[in-house]
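Read top to bottom, the protein sequences are chains A and B.
1330 is the number of the first residue of the first sequence in my numbering; add one for each residue after it.
1330 is the number of the first residue of the second sequence in my numbering; add one for each residue after it.
Watch out, some of these pointers could steer you wrong.
As the list makes no split between identical chains, a pair holds if one copy fits it or if it spans any two.
To be verified - List of simulated lysine to aspartate or glutamate pairs, EDC-like, C-alpha gap at most 20 angstroms:
id: 1; residue 1: K1376; residue 2: D1432
id: 2; residue 1: K1367; residue 2: E1354
id: 3; residue 1: K1376; residue 2: E1360
id: 4; residue 1: K1358; residue 2: D1432
id: 5; residue 1: K1367; residue 2: E1410
id: 6; residue 1: K1430; residue 2: E1410
id: 7; residue 1: K1422; residue 2: E1387
id: 8; residue 1: K1422; residue 2: E1390
id: 9; residue 1: K1367; residue 2: E1428
id: 10; residue 1: K1422; residue 2: E1400
id: 11; residue 1: K1406; residue 2: E1387
id: 12; residue 1: K1396; residue 2: E1428
id: 13; residue 1: K1367; residue 2: E1426
id: 14; residue 1: K1364; residue 2: E1428
id: 15; residue 1: K1396; residue 2: E1426
Rather than coming from a laboratory, the hints here were simulated on the basis of the structure.
There are 2 protein chains.
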Amino acid sequence: MENFKPYFAVIFTSTQTANTNGYAEMAIKMETLAKTQKGYLGIDSAKNDVGITVSYWESLEAIKNWKANTEHLFAQKQGREQWYNWYNVRICKVEREYEFKLD
Amino acid sequence: MENFKPYFAVIFTSTQTANTNGYAEMAIKMETLAKTQKGYLGIDSAKNDVGITVSYWESLEAIKNWKANTEHLFAQKQGREQWYNWYNVRICKVEREYEFKLD
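Build the full structure now, drawing on both the sequences and the hints.
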């Protein structure tokens, strides 16, 4: 914990419309693309009634660049027009972290 | 955005053991209990291969109190002994937020 270096998380929560046409393919494409971005650290994703995707980044600059990525902008537009009823994006600074692993 | 007041998020990610005995009941009990805590703002939860629960809090103090809550401590202990292979807890400051709602 002494050497903990803060990093950033984007918490994306969403609910979807009945139109899922093309969504799964785009989700895979965007996750694959995110992984190639400068400053990308990782991603966690799960979905039931609400979808939660948390992506982790080295800096706010990296998040800004990813948000403005051309292919990602196109996906965001399709998301608003077709796939999402609602979404929320939270930009967060990760200040502390701890982990448990079963022996 | 001008009047945005920072708050805090706890990102809890986990993978579970094969022993789910009592887990669902405890998850409901803890969510119900969390909602009664001072400084609690909300919760989002979804689970597939990985479980993600994000809870939102007014302050770090509120998070600290919730972590130290007696009934919650008991649940955490059971979690480590029975239900989780692995978990990770990230304490985050939410610095910005934006929302989309379908017209």
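Evaluated hints:
| no. | hint | result |
| --- | --- | --- |
| 1 | K1376 <-> D1432 | neither (29 angstroms within a copy, 23 angstroms between copies) |
| 2 | K1367 <-> E1354 | neither (23 angstroms within a copy, 42 angstroms between copies) |
| 3 | K1376 <-> E1360 | both (15 angstroms within a copy, 18 angstroms between copies) |
| 4 | K1358 <-> D1432 | neither (36 angstroms within a copy, 27 angstroms between copies) |
| 5 | K1367 <-> E1410 | neither (28 angstroms within a copy, 39 angstroms between copies) |
| 6 | K1430 <-> E1410 | between (41 angstroms within a copy, 11 angstroms between copies) |
| 7 | K1422 <-> E1387 | both (10 angstroms within a copy, 15 angstroms between copies) |
| 8 | K1422 <-> E1390 | both (13 angstroms within a copy, 17 angstroms between copies) |
| 9 | K1367 <-> E1428 | neither (25 angstroms within a copy, 25 angstroms between copies) |
| 10 | K1422 <-> E1400 | neither (25 angstroms within a copy, 29 angstroms between copies) |
| 11 | K1406 <-> E1387 | neither (25 angstroms within a copy, 32 angstroms between copies) |
| 12 | K1396 <-> E1428 | between (29 angstroms within a copy, 14 angstroms between copies) |
| 13 | K1367 <-> E1426 | neither (22 angstroms within a copy, 22 angstroms between copies) |
| 14 | K1364 <-> E1428 | neither (23 angstroms within a copy, 24 angstroms between copies) |
| 15 | K1396 <-> E1426 | between (25 angstroms within a copy, 13 angstroms between copies) |
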